[in-house]
Amino acid sequence: MKESLGVYDYWPYQERPRIQWPNGAKVAFWVAPNIECYELDPPANPQRKAWPQPSPALPGYTIRDYGNRVGHHRQMALLDKYGIRGSVSLSVALCDHHPEIIQLCAERNWELFSHGIYNTRYTYGLSEEQERDMIRDSIESIYRHSGQKCAGYLAPALSHSEHTLDLFAEVGSELFGDEAGIYTCDLFHDDQPTPVRVRSGKRFISMPYSLEMNDTIVYAVNKVEPRHYCTMLKRHFDRLYEEGQESGTVMCIPTHNYQVSCPHRLKAFEEALEYITGHSDVWVTTGREIAEHYLQHDYDAALADIANKNGSVQ
Amino acid sequence: MSLDKEYLEYPKRSYGHDHDRFDWSMLTDRPPVTWPDNKRVAIWINTSLQFYPLNQRGLPFKVPNGMTMPYPDLRHFTLRDYGNRVGIYRLLKAFERFGVRPTFAINSQLARDTPYLLEQLQRFDAEFICHGWNMDHLHYGGQDEQEEAELVQRSVETLNSLIDTPVQGWLSPAKNQSWKTPDLLTANGIEYCCDWVNDDMPYAFKTDNGPLMMMPLSTELEDQFIIGQNLHSEDSWVEQIKDAFDFLLEESATQGGRMLALNLHPWMMGQPHRISSLETVLEYLMGHTETWNATAGDILQAFNAQTGK
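Heads up: the sequence lines are chains A and B, in that order.
Numbering-wise (full-length UniProt numbering), the first sequence opens with residue 1 and increments by one.
Numbering-wise (full-length UniProt numbering), the second sequence opens with residue 1 and increments by one.
I should point out that these hints are in silico values taken from the structure, not numbers from a laboratory.
Since the structure is predicted, the reported quantities are computational estimates derived from the model, not experimental observations.
Be careful, since some hints might not be right.
Said to hold, decoys possible - Partial chain B-side listing against chain A, Cβ under 7 Å, derived:
1) R13
2) S14
3) L27
Stated by the list, open to error - Quick list of in silico lysine-lysine cross-link-like pairs, DSS-like style, CA-CA up to 30 Å:
4) B/K242 to B/K93
5) A/K149 to B/K12
6) B/K180 to B/K12
7) A/K202 to A/K49
8) B/K5 to A/K149
9) A/K49 to B/K62
10) A/K202 to A/K81
11) A/K49 to B/K206
12) B/K242 to A/K223
13) A/K81 to A/K234
14) B/K62 to A/K223
15) B/K242 to A/K234
16) B/K39 to A/K267
17) B/K180 to A/K2
18) A/K2 to A/K309
19) A/K149 to A/K202
20) A/K49 to B/K5
21) B/K39 to B/K62
22) A/K2 to A/K49
23) A/K202 to A/K309
24) A/K81 to B/K39
25) A/K202 to A/K2
26) A/K267 to A/K234
27) A/K81 to A/K223
28) B/K242 to B/K39
29) B/K62 to B/K180
30) A/K49 to B/K12
31) A/K81 to B/K242
32) B/K242 to A/K267
33) A/K49 to B/K180
34) B/K12 to B/K206
35) A/K81 to A/K149
36) A/K223 to A/K267
C-beta atoms are modelled at their ideal positions from N, C-alpha and C, and glycine is treated no differently.
Using the sequences provided together with the hints, build the complete structure.
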């Protein structure tokens, strides 16, 4: 085990090269609906229990099933209303179980990126080859069901290995060259995209995907009241919008339809969406579009600046 | 050492759910339902009456809101008991004041041991749901089948012997089940179950002994979940229930009748500092002309009549 993975360098937030988003936007705003698939009776992983109760663990399973049976339509209606295309963090087994939901995403031209196979299958204990197979399966499944070349990755249930990022970048290249495997959502160290070092040397970045704004973290872990979540989202946005005058920032709202789409929580969420999209200088976009823009316009300058700040200009 | 290769095999990765208990469908794809008198939101006010034993075994896990301190945990035992002695009578008063027709989910042991309470509950033209034996007799995977069969039978028979109308509904303690629970329920004449909270409307469920209906009793709106586990304020609970009702009412305008299942615990909402919040909620829910307040069984009957069940 390492003291740090060392996939990115220290890079102070101040005095970075300016990021200019399209049309002078201050904030690139994206919503990441996690569309997840949980098993009622998953195989045991020695390092992490899938459910707290013995199988069948209804309390956890049933509310997550609610997300698929009831929740998706509700959030989709809201995002449609505010002109937001989702960037879906997808448990790809859902393509097989509930293809109707994938169809709804396709009709909206939403992005699908990989969140593993099931959210009840963890990376812990997989050999490198096994993890590579799992990642390949997920990218191939997305392509088979949607024709999309998976750009991003969020490890299933945030379960990682030392090589998760390397493997995702490599498998993406093997399958689709530079069109796939270009960003990770697994790092929470910044409010702007940053270059990430992968062993293949591929141009690869970290995409801000805020766990602090993630509805499951907010509601289930931090136990925040729905209306206060709305306040948090507005404050988060306000500060990124203000700072975005100097250099473009990224705001992500990661959601789960078994959380935010419950009837007692949608009003507060809608208020936040209305507020954010009501600002003039917001680029309402997807994870892939932010990543591609950054790689094209900002990535090289970032690398140079990072090297410079760390006193080792290359 | 890496995991066995079976960890990356997915035998159930195919269309529908990863079990065969019920058919997969999205709520929006189902035919719209109309409630009696063209009401749009059916309100099911469920009150859970519970006995938490002091000598809990905690098998296979400690039930939520149960004893947490070393034996004898008088602190939690008596606070739960407060609900059955004091809190419930504040709730009953509120039900009377706002014209609520309640549904009572009751532990059978409590029904047996507190005849006065049961008599008072029966004055309400209410419906009774069997809430298992008590809050330390859980149903769980790996449980001895005979033990569970006896538990279900004893719970249903006991409650049936104490009330006039046969029990139709079942709510497991902690909404936890074994793989066999649904089969045991239908074997004992139960028609609907409230444990699977994966929907906002009733739906059909299969068992070895014939069909069962599922009546999802939302955990997310419960007092004990919002106030007790999430530590939200009473004011926020009121706001959340109102928001839920408003949302469902709006959704019903385009998608047909909706159901709001509100579960209450007298040991929580019956406290002097909380009862006014419940009154505020009841006044709001009952104050809408679109509201149809009914028991779980009546809602299910109206649903079945339209969906051909």
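Hints, verified against the model:
1. R13: Since chain A brings a Cβ to about 5 Å from B/R13, closer than 7 Å, the hint holds.
2. S14: holds (6 Å)
3. L27: Holds, because the Cβ-Cβ distance from B/L27 to chain A comes to roughly 5 Å (cut-off 7 Å).
4. B/K242 to B/K93: holds (21 Å)
5. A/K149 to B/K12: Status holds; Cα separation ~25 Å.
6. B/K180 to B/K12: It holds: about 20 Å lies between the C-alpha atoms, which stays within 30 Å.
7. A/K202 to A/K49: Violated - the C-alpha atoms of A/K49 and A/K202 are around 34 Å apart, more than 30 Å.
8. B/K5 to A/K149: Within the cut-off at roughly 27 Å; holds.
9. A/K49 to B/K62: holds (17 Å)
10. A/K202 to A/K81: Answer violated: A/K202 to A/K81 is near 38 Å, above 30 Å.
11. A/K49 to B/K206: holds (28 Å)
12. B/K242 to A/K223: holds (19 Å)
13. A/K81 to A/K234: Judged against 30 Å, a Cα distance of about 18 Å means the pair holds.
14. B/K62 to A/K223: holds (21 Å)
15. B/K242 to A/K234: Given that 30 Å is the threshold and the Cα spacing comes to 22 Å, the pair holds.
16. B/K39 to A/K267: holds (23 Å)
17. B/K180 to A/K2: With Cα atoms ~46 Å apart, B/K180 and A/K2 exceed 30 Å; violated.
18. A/K2 to A/K309: holds (24 Å)
19. A/K149 to A/K202: Satisfied, since the Cα-Cα distance of roughly 16 Å is no more than 30 Å.
20. A/K49 to B/K5: holds (18 Å)
21. B/K39 to B/K62: violated (41 Å)
22. A/K2 to A/K49: OK: A/K2 and A/K49 at ~24 Å, within 30 Å.
23. A/K202 to A/K309: holds (22 Å)
24. A/K81 to B/K39: Judged against 30 Å, a Cα distance of about 27 Å means the pair holds.
25. A/K202 to A/K2: With Cα atoms ~22 Å apart, A/K202 and A/K2 stay inside 30 Å; holds.
26. A/K267 to A/K234: holds (14 Å)
27. A/K81 to A/K223: holds (28 Å)
28. B/K242 to B/K39: OK: B/K242 and B/K39 at ~17 Å, within 30 Å.
29. B/K62 to B/K180: holds (21 Å)
30. A/K49 to B/K12: Between A/K49 and B/K12 the Cα gap is close to 20 Å, so the pair holds against 30 Å.
31. A/K81 to B/K242: holds (22 Å)
32. B/K242 to A/K267: holds (10 Å)
33. A/K49 to B/K180: holds (22 Å)
34. B/K12 to B/K206: Holds: B/K12 and B/K206 sit about 18 Å apart, inside 30 Å.
35. A/K81 to A/K149: holds (27 Å)
36. A/K223 to A/K267: holds (17 Å)
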